[in-house]
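Asks: Start from chain U and add chain G according to the hints.
As given, the protein sequences belong to chains U and G, one line each in that order.
Just so we're aligned, residue 1139 is where the first sequence starts under our numbering, counting upward by one.
Just so we're aligned, residue 13 is where the second sequence starts under our numbering, counting upward by one.
Everything labelled a hint here was simulated from the structure, so no lab data went into it.
Hints are not guaranteed to be accurate.
[What the hints assert, rightly or not] Okay, derived cross-link-like pairs now, DSSO-like style, lysine-lysine, Cα gap no bigger than 30 Å in a straight line:
1. U:Lys-1345 x U:Lys-1452
2. U:Lys-1289 x G:Lys-119
3. U:Lys-1463 x G:Lys-227
4. G:Lys-119 x U:Lys-1433
5. U:Lys-1470 x G:Lys-231
6. G:Lys-227 x U:Lys-1449
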Amino acid sequence: MEKITGAEAMMRALENEGVDILFGYPGGSIMPTYDALYDHNKTLNHILVRHEQGAVHAAQGYARVSGKVGCAIVTSGPGATNTITGIADAMIDSTPMVVITGQVGVAMLGTDAFQEVDVVGVTSPISKWSYQIRRAEDIAWAVARAFYIAKSGRPGPVVLDFAKNAQTSMVEYEPANVDFIRSYDPDPDLDEGEIREAAKMINESVKPFVLVGQGVELGNAREELKAFLEKADMPCGTTFLGLSAIESDHRLNKGILGMHGNLGPNVMTNKCDLLIAVGMRFDDRVTGNLATYAKQAKIIHFDIDRSEFNKNVKVNLSVHGDCKKSLAAVTKLLDKVTHTSWIEGFKPYEEKEYQKVIDKALHPTEGPLLMGEVVRKVSEATNNAAIMVTDVGQNQLFACRYFKFTKARSVVTSGGLGTMGYGIPAAIGATFGAPDRTVCLFVGDGGLQMTLQEFGTIMEQGAPVKIILLNNNYLGNVRQWQEMFFSHRYSFTPMLNPNYELIAKGYGIPARTVVERSDLDNAIKEMLATPGPYLLQCAIMEEDNVMPMVPPGANIDEMILEYKSE
Amino acid sequence: MAFGGQCGECTECGKCERLLKGQSEVDINKEENKMEQDNSVRLYTFIIYSENVPGLLSQITAVFTRRQVNIESLNVCASSTPGAHKYTITAYCNRAMADMLTKQIEKKIDVLQANVFTDDDIFINETCLLKISTSIMLENKDVCRMVRLHQAHIVEVNTTYATIEKTGITSDILSLYDSLKSLGCVLQFVRSGRICITKGYTEHLDEYLADREKKRNSK
Chain U
1139 MEKITGAEAM
1149 MRALENEGVD
1159 ILFGYPGGSI
1169 MPTYDALYDH
1179 NKTLNHILVR
1189 HEQGAVHAAQ
1199 GYARVSGKVG
1209 CAIVTSGPGA
1219 TNTITGIADA
1229 MIDSTPMVVI
1239 TGQVGVAMLG
1249 TDAFQEVDVV
1259 GVTSPISKWS
1269 YQIRRAEDIA
1279 WAVARAFYIA
1289 KSGRPGPVVL
1299 DFAKNAQTSM
1309 VEYEPANVDF
1319 IRSYDPDPDL
1329 DEGEIREAAK
1339 MINESVKPFV
1349 LVGQGVELGN
1359 AREELKAFLE
1369 KADMPCGTTF
1379 LGLSAIESDH
1389 RLNKGILGMH
1399 GNLGPNVMTN
1409 KCDLLIAVGM
1419 RFDDRVTGNL
1429 ATYAKQAKII
1439 HFDIDRSEFN
1449 KNVKVNLSVH
1459 GDCKKSLAAV
1469 TKLLDKVTHT
1479 SWIEGFKPYE
1489 EKEYQKVIDK
1499 ALHPTEGPLL
1509 MGEVVRKVSE
1519 ATNNAAIMVT
1529 DVGQNQLFAC
1539 RYFKFTKARS
1549 VVTSGGLGTM
1559 GYGIPAAIGA
1569 TFGAPDRTVC
1579 LFVGDGGLQM
1589 TLQEFGTIME
1599 QGAPVKIILL
1609 NNNYLGNVRQ
1619 WQEMFFSHRY
1629 SFTPMLNPNY
1639 ELIAKGYGIP
1649 ARTVVERSDL
1659 DNAIKEMLAT
1669 PGPYLLQCAI
1679 MEEDNVMPMV
1689 PPGANIDEMI
1699 LEYKSE
Chain G
13 MAFGGQCGEC
23 TECGKCERLL
33 KGQSEVDINK
43 EENKMEQDNS
53 VRLYTFIIYS
63 ENVPGLLSQI
73 TAVFTRRQVN
83 IESLNVCASS
93 TPGAHKYTIT
103 AYCNRAMADM
113 LTKQIEKKID
123 VLQANVFTDD
133 DIFINETCLL
143 KISTSIMLEN
153 KDVCRMVRLH
163 QAHIVEVNTT
173 YATIEKTGIT
183 SDILSLYDSL
193 KSLGCVLQFV
203 RSGRICITKG
213 YTEHLDEYLA
223 DREKKRNSK
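The shape of chain U in the complex, shown without the other chains (with noise of 0.2 Å):
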């Protein structure tokens, strides 16, 4: 058989895997890949980033949009260290992504070698699965493996580290298929017993609450947890990252758990006679203080990942398994009922909470803009039909709690880690996990400069990410924690700003400020109407605060609607 270098086998083990993009950043140890790399451009299209966080965010996005493995490949040293902020983001929120790394050779490994890091004892506590590749006869089982475990299951990153000599060899190259681990077992089977006792609790139930997480989109599980809902009548409520498990305006769909979510779910969560979580891990910004959390309820938790049970909230029931299959086996063995007085009882908070806030969010009529209304503004000018990806912070809150979805795998945002700088990168992914759609990105003035190289990126590929920048010229969201709990001291979150429009302008891309009410829509017009990129930096008031808000620590049910400053 033809013998080829480990560089080369390593292309065609991607390819074999499906890979058709790859984010990187090339470098000393990884030269002899993207040495191969050179002769696959047309089969793996390789963008470069400028920095390598910009490339596992990058791959972050176009994962969850995609549903694919998104797949970075970056350097020894550095190189890798810089993609760790990507990896644990990646872990926590549960994406598929494969990282490579270069490494140096193996005879080298060990001695303090030039740009050598220990990237596989740096990862491992962060990723799903890291192993170094030593020889070139394992690349092709190791990048099978990586792939079959990134993407099943509870998906996550996993890192290859590419030893330098694994690259230069050469090898008899043969495709290799990983399905099964012994060890491994991502789609248990179901327990016909757990299933038959959620299905009694829930028939039993008389004020159930369902909280809808990103497991359902992971499993692409939407239709039948809309089947699940509308069985048996069940309002529901869902976290940040699933939020585009159903359609914002579905007759169930009664909004966002937690912190900064809505005031109906998290009253009604202390409320109901039996809480359903589905999919999502019980964080605690979503829980508030575990001590009051739902201990009227009797609560019952699906999941795929069995370490999630009983971890931050004792439940009653657990059903392990793939939630498209156990939802679809409960929902066969529910009542067809109606909750009517139960969903009836959701609107006078939702009353209270649009008059107290929403209102005042979406349609001020004097002073500076605030981010609520130009989030509902641009998401109402998609169609409620783009890709929402934000940074973190106050324009991930507003983004989340104003834009609305009618589709699914539309939120790219980074909920466990929240993590600054993610925006752009992951804007970039998402257009390139999906092409056809419109990609709208709320950033803050602080996360766009932690990773603002990456216009870079967006000028050479023309990647179309419409920039919503909510300039407030704060590090808003730790300033509003200074002001509600720090006395009014704002200590470094005040910035100076420089000219976005010029910097934009410099990258070639499109930009606008808006500063007036009147100028908003016509701006968000202009915006969505100009092809490729487009900067829209509009002029938000400064010392606005995300409410509703349940204050660190504090009962689930005691949101604070107002705020006012002493």
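Replies: What follows is chain G alone, placed relative to chain U:
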């Protein structure tokens, strides 16, 4: 674990009795969860089987350190199942933590199985070696008396030192050490850490592997 309601496997937990009295499964489980939550800190033994791949040990110990649990003893070696490594780890924690650690360890891709036991569920053994001063041993007859009393063996004697070996449960070993130490003759003392075998009639790893093979073949 599911509540199928057919808790026929044991007689201790009293679940069946309470079920007969009309208490619902859910309430019983809630009660038991509560008991588990309140459980005090005790020594748990974690028995873990994994594939023999490098790097797993540090991943497993990291699960403990990240959650501020200190490992008391750790033993790793090949198991009776070809290719499978066995880890025996002891640590002080509460029940909820023990369960969380077990699940987090089992989540590692190359870990086959992780289980946690209390001392009642396992047969425990540990070995220690003591190096003691020959001159003190000859001077003081209590030294040999203590060795015999503890059913320890003298495995080597020369003019300078004697080596003593003792196998048993932790408390016996510590008792031997304390008594010899009080006689002032201990030069070195080393313990192996705990090894143990589960009590019970089923071999969980074998069952698990058989189950997995079935799944592999059905693919």
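Asks: For every hint, state whether the structure bears it out.
Replies: Here is what the structure says about each hint:
| no. | hint | verdict |
| --- | --- | --- |
| 1 | U:Lys-1345 x U:Lys-1452 | 19 Å, holds |
| 2 | U:Lys-1289 x G:Lys-119 | 15 Å, holds |
| 3 | U:Lys-1463 x G:Lys-227 | 18 Å, holds |
| 4 | G:Lys-119 x U:Lys-1433 | 29 Å, holds |
| 5 | U:Lys-1470 x G:Lys-231 | 26 Å, holds |
| 6 | G:Lys-227 x U:Lys-1449 | 28 Å, holds |
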